[in-house]
Amino acid sequence: MALSYKNIAPFLSAGQNRLSRWLSYTGLAVGVLLLLCSIQMYVNINKLLKDKNPRKDGYDYISVTKLITNDNMAEDHSFTDAEIAELKKQKTVDDATPLLANKFLVKATGGSTIPFTTDLFLESIENNFIDTVPADFKWQEGQDIVPVIISSDYLELYNTVFAPGKDLPQFSAKSISSVRIQLECYTAAGTTKTFKASVVGLSDRINSVLVPTAFLQWANGQLAGPAKTNPSRIFIKTKDANNPELLSFLEQKNYHVNKDKTKFGRVKQILQAIVSGLSGFGILVIILAMLLFSFYLQLMIERSKDNLQLLITLGYSPGWLSKTVAAKWTPVYAIIILIPLLLTAIFQWIFQQFAMNGRDDLPVYIHWSVALIAVLLLVLSVTVNYRLVKKLLHKL
Amino acid sequence: MQISLQQIAPSFFNKENYSGSEVWGKTVVFNKGENLHVVAPSGSGKTSLTHFLYGLRTDYTGDILYNNENIKTFDKEKFSLWRKQHISIVFQDMRLFTEQTVLQNLEIKRQLLPYHDENKITCMARQLGIENKLTKCCNTCSYGEQQRIAIIRSLLQPFDFLLLDEPFSHLDDVNTKKAMALIEEEAAIRNAAIILNDLRKIDHLKAERILYL
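Protein chains in written order, with the working numbering: chain A, 1 to 396; chain B, 1 to 213.
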């Protein structure tokens, strides 16, 4: 019969210090539960708020206009080149660009698919300010079809309010690209130039109907003449749209900020920060529990020191003793980590079924990364434990 | 197996202290199968010699070789292999697990590398008159009984050398005779060497060589 822990168990004072042993088990289980739940919640937040965050590469993009009040209604509310340059100079502003608007009359007609006609406005902005720029969002002179990016809010409004009221078909984000719209552009003299337009993308960031800058510059020149007009809307790229320094500057200048789009991103950022904090706390608890367990092990080995020394003197290998003593805790660690993993799976199911009313975009099961972290924690605990026992035994 | 002592001497001894010794400072070779008796008065280093041979202490000058391998180069793992398979010992201070029963003390040695089956323990205990102590806690046994337990423990493994450090110091003549007979019987089965240290010459040991420390 091969030697096992059972043979040497009577020679070790394992039964001592039950309190510290159970405290470390509980601490480890709580820490692992906190960590696994935090990771799962982090994944959940990312899934739930996935498509709704216009924040990109760590930047907020906000639209700035001049505040229109009863007192200044008659004044010009456009931005001069000097004002744009001043905005760009601010420490809190990483970049700023004007939104060019059409200077001619535009009407959109839906043709036979969507039988309606509406006055329209067009705007253009530097491509790097747009959250989604499809490859075909380009225009050059002579091109018949003008690519258009519209705000996703407009599509939602069309689908939920406009289309049902007028008995028009509704469109998904994908099918809208197949609709051909006619753009009728009028010169000051009343002549018309017609273009076909195709919605090539939706923007969560910019509330507008965007066309390529090349098209708008050309159309403004051709249809409205060379007279320069200043933009009335500026887009700002900033690291933090809620920076008090930035807000105070804009307020002092009497500029109006449209930050609605950044609020969602901010909520997600805050939620992620809270969950990350919880993960950090979980890791701290795990470290403390492992420290407590290592004290327990040290005490156990210290109390059994004479017996362990005698076993080695009689011919027991220190390597075998380390492996055998450490292996005794492997099933204990496995259970301690498996219980929080099961609890995380149950919490996820409850969260998906009850808190989120069984939403399809949220999985019922835990994310694979949670299971992977649990396995890594098990490997880590067993390795740390083995190395500690080995070190203590070799010191004898 | 062979054990060679190459001019070894305890580093805490002065040279003039051991000028007459047949072991300290000399080259001595112990071969498997021979019985050796080391006789010396108290304080002449009998226990030190046993500990040096078993690799428990290194406070000596010169070298000890196991089959031409210097034991000063051995780590704990290597010693554990030699102690498990080739060298057994009876310590002067017994070194038993005092909180465990006699049987546990014997089984823990037998199980390491079983040379005998578990019935042999009862058989040997009966032979040395401690059969009724097997289930008793070791710390309830007298020194004489503990010495017999230590002797049986040393015989439960395979060995080429058996080191005995004043193994009969707490035994009367009758028990010494019985223990010596058992030791010689077990050594003979293994064709092993016995190195016995004692204050005076033990008549029951059929020693081929007697060395004076």
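Bear in mind the hints are in silico, worked out from the structure with no lab data behind them.
Please note: incorrect hints may appear among the correct ones.
Stated by the list, open to error - Result set (DSS-like, lysine-lysine): computed pairs, CA atoms no more than 25 Å apart in a straight line:
#, chain 1, residue 1, chain 2, residue 2
1, A, K390, B, K84
2, B, K76, A, K323
3, A, K391, B, K76
4, B, K72, A, K390
5, A, K6, B, K201
6, B, K136, A, K390
7, A, K305, B, K206
8, B, K84, A, K395
9, B, K120, A, K305
10, B, K76, A, K395
11, B, K72, A, K328
12, A, K6, B, K72
13, B, K177, A, K391
14, A, K395, B, K136
Stated by the list, open to error - Derived coverage of chain B by chain A (criterion: at least 3 residues anywhere in the stretch with Cβ under 8 Å from a Cβ of chain A; other residues may be distant):
#, region
15, 13–22
16, 109–123
Note that beta-carbon positions come from the ideal geometry of N, C-alpha and C, so glycine has one too.
Comparing the hints with the structure gives:
Taking the CA atoms of A:K390 and B:K84, the gap is near 20 Å; set against the 25 Å cutoff, the hint holds. Between B:K76 and A:K323 the CA atoms are separated by roughly 15 Å; this keeps the pair inside 25 Å, and the hint holds. Restraint check: the Cα-Cα separation between A:K391 and B:K76 comes to about 13 Å, which is no more than 25 Å; the hinted pair holds. Under the criterion of a C-alpha separation no larger than 25 Å, the hint pairing B:K72 with A:K390 is consistent with the structure, at around 22 Å.
Distance check on the hinted pair: A:K6 and B:K201 sit about 43 Å apart at the alpha-carbon level, beyond 25 Å; violated. The straight-line distance between the Cα atoms of B:K136 and A:K390 is roughly 33 Å, outside the 25 Å bound, and the hint therefore fails. Distance check on the hinted pair: A:K305 and B:K206 sit about 39 Å apart at the alpha-carbon level, beyond 25 Å; violated. Straight-line distance between C-alpha atoms of B:K84 and A:K395 comes to about 21 Å, which keeps the hinted pair within the 25 Å bound.
With a C-alpha separation of about 30 Å, the suggested pairing of B:K120 with A:K305 is violated against the 25 Å cut-off. Under the criterion of a C-alpha separation no larger than 25 Å, the hint pairing B:K76 with A:K395 is consistent with the structure, at around 11 Å. For the proposed pair B:K72 and A:K328, the alpha carbon gap of about 33 Å is over 25 Å, so the pair is violated. With a C-alpha separation of about 33 Å, the suggested pair A:K6 and B:K72 falls outside the 25 Å cut-off, and the hint is violated.
For the hint pairing B:K177 with A:K391, the CA-to-CA distance comes to about 45 Å; that exceeds 25 Å, so the pair is violated. As the CA atoms of A:K395 and B:K136 are separated by approximately 32 Å, the hinted pair breaks the 25 Å bound. Look at the region 13–22 of chain B against chain A: 0 of its residues bring a Cβ nearer than 8 Å to a Cβ of that chain, fewer than three, so the hint is violated. Here the region 109–123 of chain B counts 4 residues with a CB under 8 Å from a CB of chain A, which clears the bar of 3, and the coverage holds.
Hint check: violations occur at hints 5, 6, 7, 9, 11, 12, 13, 14 and 15; the rest are consistent with the structure.
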